[in-house]
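In order, the protein sequence lines correspond to chains A and B. Heads up, the first sequence is in our numbering, so the first residue is 1 and it goes up one at a time. Heads up, the second sequence is in our numbering, so the first residue is 1 and it goes up one at a time.
Just so you know, these hints were derived from the structure itself, not from any lab. Where hints are given, some of them may not hold.
[To be verified] With a straight-line Cα cutoff of 27 Å, these simulated BS3-like cross-link-like pairs (lysine-lysine) come out:
| # | chain 1 | residue 1 | chain 2 | residue 2 |
| --- | --- | --- | --- | --- |
| 1 | B | LYS107 | A | LYS86 |
| 2 | B | LYS107 | A | LYS58 |
| 3 | A | LYS87 | B | LYS251 |
| 4 | B | LYS298 | A | LYS45 |
| 5 | A | LYS45 | A | LYS143 |
| 6 | B | LYS107 | A | LYS2 |
| 7 | A | LYS206 | B | LYS107 |
| 8 | B | LYS107 | B | LYS170 |
| 9 | A | LYS86 | B | LYS22 |
| 10 | B | LYS107 | A | LYS45 |
| 11 | A | LYS177 | A | LYS25 |
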Amino acid sequence: MKSLFIDTSSSRIILALLEDEKVVKEIDEVNDHSLSSRIFPLIDKLFHDTNCNVDDIKRIYVVNGPGSFTGIRVGVTIAKTYAWAKKLEIIPISELELLATTPYETDYIVSYIDARREAVYAGIYDDHGAVLEDTYITIDELKTRYPDASVSAVSYDHCDVGLDQLEPKIDIERIIKRHKDDLPMNPHEVNPRYLKRTEAEENLEK
Amino acid sequence: MDDTYILAIESSCDETSVAIIKNGCEEIHTVVLSQMDIHATFGGVVPEVASRHHIENITMVLEQALMEANLTMDDITAIAITYGPGLIGSLLVGVQAAKTLAYIYDKPLVPVHHIAGHIYANNLVEPLEFPLIALVVSGGHTDLIYMKEDYSFERIGGTLDDAVGEAYDKAARVMNLPYPGGPRVDKLAATGEDTYPLPLPLDDDSYNFSFSGLKSAVINISHNEAQRGNEIRVADLATSFQNRVVEILTKKTMHALKSYHVKNLIVAGGVAANKGLRTHLEEVCKENGIHLCVPPIKYCTDNAAMIGAAGYFAYKKGRRGDLTLSAKATDKLH
Chain A
1 MKSLFIDTSS SRIILALLED EKVVKEIDEV NDHSLSSRIF PLIDKLFHDT NCNVDDIKRI
61 YVVNGPGSFT GIRVGVTIAK TYAWAKKLEI IPISELELLA TTPYETDYIV SYIDARREAV
121 YAGIYDDHGA VLEDTYITID ELKTRYPDAS VSAVSYDHCD VGLDQLEPKI DIERIIKRHK
181 DDLPMNPHEV NPRYLKRTEA EENLEK
Chain B
1 MDDTYILAIE SSCDETSVAI IKNGCEEIHT VVLSQMDIHA TFGGVVPEVA SRHHIENITM
61 VLEQALMEAN LTMDDITAIA ITYGPGLIGS LLVGVQAAKT LAYIYDKPLV PVHHIAGHIY
121 ANNLVEPLEF PLIALVVSGG HTDLIYMKED YSFERIGGTL DDAVGEAYDK AARVMNLPYP
181 GGPRVDKLAA TGEDTYPLPL PLDDDSYNFS FSGLKSAVIN ISHNEAQRGN EIRVADLATS
241 FQNRVVEILT KKTMHALKSY HVKNLIVAGG VAANKGLRTH LEEVCKENGI HLCVPPIKYC
301 TDNAAMIGAA GYFAYKKGRR GDLTLSAKAT DKLH
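Input sequences plus hints: build the corresponding full structure.
If you want it as C-alpha cells, here you go:
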C-alpha cells in the first residue's frame, strides 16, 4: 500500500512516498515564503521520481502542527482535500513527536518550536511516547517540567531551554510504525493543531 | 458544443464558498458559508480567525456543493479560483484546495481576480453588453472599469484612499452602529433628513474618489455636537452621509459613461446592495437612456457563483494557472 507523507509545518518541507512502512523516496528542502508555490511542483516531482500516480496513493500522513500557522495550513489543506476527494485514509501526526524521532542518548527528549515572546510549543518524549503532551508553554515553565533524569532538546530553532540541543534528524519510518494502526480520521475533521488561540480571541476574554 | 461546467472556489475574506456554473451564465448550485457572526464579535474581520475557519470548512463546502448539485468531479470541465486580491491567509486555503483538485483530477486551473468575479456576477442575471462601464463598490474597492469586450478591463479611476464600504463601516462606528455598519447606515438613511453640512468629496473632473475627508467630516460633526452637549440625530447624519456618497458615485459614473460614449452600466460589489445607491442610479440611468444592470443582493456579497461566471470567460480566453499558482493580497485587475 502506497502512502504520502506531508510535513510543511516547520522550517523544512518534508515529503515522502512510502510503500507500506518503507520510505521509497524522501524530499527534504528548506521551507520559506515560497512554500505555497513550491509545494505542488515538489509533490509532482515525488510522484514522477517514484513512477507513482495520484490514484496509487491509499493513505496520507500529514503533520498538522504545531508550527508555522501558514505552513500547517498549506499541508493540511492539500492533505484533507486530496483525502476527501479520493476517499483516502488520513492520519495526522504531531510535529513535536516527529522531531522527537531524532536519535538521542538521554532518558528523555524535549522537542520544541519557538513561539516567540519567551514561549515555545513543546512536548517531552521518551521511546514510548509523550510524557508531557504537546503544549504552548513559557520557557521558564517548561524548565520546571523536565523529568528528574537525563534530558536533551531537539529543535530547528534556537531558544535557551537550558539543555544540550540536537540537530533534528527525523525518522519517518519510525513515526509511521507508531501511527500505522491509528484509526484513520474523517478528512473534514483533520485540522491544524495550533495549540494557541488567536490574539483576537485571547483579547476578547480580557 | 459541449457544456462547460466550472467548479469555483472563493475564500478571499470571511466567506467560504463553492459554486458550479454552467456556460458562464447558469448557476447550478452555490454554497456560501459566512463567518460574519464570528467576526461581528470582534467588530471586524480578523484575518487569522478567518483563515482558521476556511480550513475547517473547505472540504465540507466542496462536498455540499457537489452533492446538492448532484454532480461529481468527473462532470467538471475546469476549476476556477479567486487568487486575489484579499486576505492572504484566507486566499491561501482556497488556492491550495483548488490546486489539489486540479492536480488530482488533471483539470485546468483558472485563476480569477476577485473584482472580475464581482463584475461577472451580472452575467448570471443577463448577458453583459459591451462596451460597458462597471462601477465596483465594496469594502475593499471603489473602481470605475471600462470594458470594451469580454474579459478586457481598463481601470479608468478609483478611490485614492478609503474604499466606499470602508467609509460606511467607519461612519457607522462613529454613529455607534454595530458591525457590519454599511447596511445599517443604508437602512437608517431611508428614515432621516439631509440636515448636516457634509462636503461632496473630490468633486472634480477626474474619475477618482476620495472618502477619507467625508469620513473625517462625520467624525468632526459628531465631536462638535458632543462638545456642545447636543444629541446627534443619527438618522439625519446617516442620510446626509449616504446622500453625499451616492451623489458623487453617480456623478462620476455618469461622467465616465458620457465621455466613453457607453450606454451600459453595471454595478458590482457588496455596496451594490445599498438601497440608496440602487434607487438613485436607477432614476438617473432611466433619465439618460442608460441600460443598468445591478445583481440581486445574493450576488453582491462575496460568493463563488460570480467566480464561476468570470472563470468561464477566463477559461474561454485561455487563462490558466499552473502548479505554482499562489495567492496575491493585491493585484491589478486583468
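Review point. Taken at face value, is the distance from the CA of LYS143/A to the CA of LYS45/A at most 27 Å?
Key: Violated, at about 42 Å.
Check your understanding: Holds or violated: are the alpha carbons of LYS107/B and LYS58/A at most 27 Å from each other?
Key -> 21 Å, holds
Check your understanding: Within a Cα-Cα threshold of 27 Å, do LYS107/B and LYS86/A meet the stated pairing?
Key -> Holds - the C-alpha atoms of LYS86/A and LYS107/B are around 15 Å apart, at most 27 Å.
Practice item. Would you mind confirming whether the straight-line C-alpha gap from LYS206/A to LYS107/B stays at or under 27 Å? Key: It is violated: about 48 Å lies between the C-alpha atoms, which goes past 27 Å.
Review point. If you draw a straight line from the CA of LYS87/A to the CA of LYS251/B, is it 27 Å or shorter?
Key: 55 Å, violated
Check your understanding: Taking only the CA atoms, is the gap from LYS107/B to LYS45/A under or equal to 27 Å?
Key -> 18 Å, holds
Check your understanding: Does LYS107/B pair with LYS170/B here, judged by a C-alpha cut-off of 27 Å?
Key -> 43 Å, violated
Practice item. Verify the proposed pairing of LYS177/A with LYS25/A, using a straight-line Cα cut of 27 Å. Key: 17 Å, holds
Review point. If you draw a straight line from the CA of LYS86/A to the CA of LYS22/B, is it 27 Å or shorter?
Key: 24 Å, holds
**Study point:** Holds or violated: LYS107/B to LYS2/A, with C-alpha atoms at most 27 Å apart
**Key:** Holds: LYS107/B and LYS2/A sit about 23 Å apart, inside 27 Å.
Exercise for review: Mind checking the alpha carbons of LYS298/B and LYS45/A for me, to see if they're no more than 27 Å apart?
Suggested key: Violated, at about 42 Å.
In this structure, the hints that do not hold are numbers 3, 4, 5, 7, 8, in rising order.
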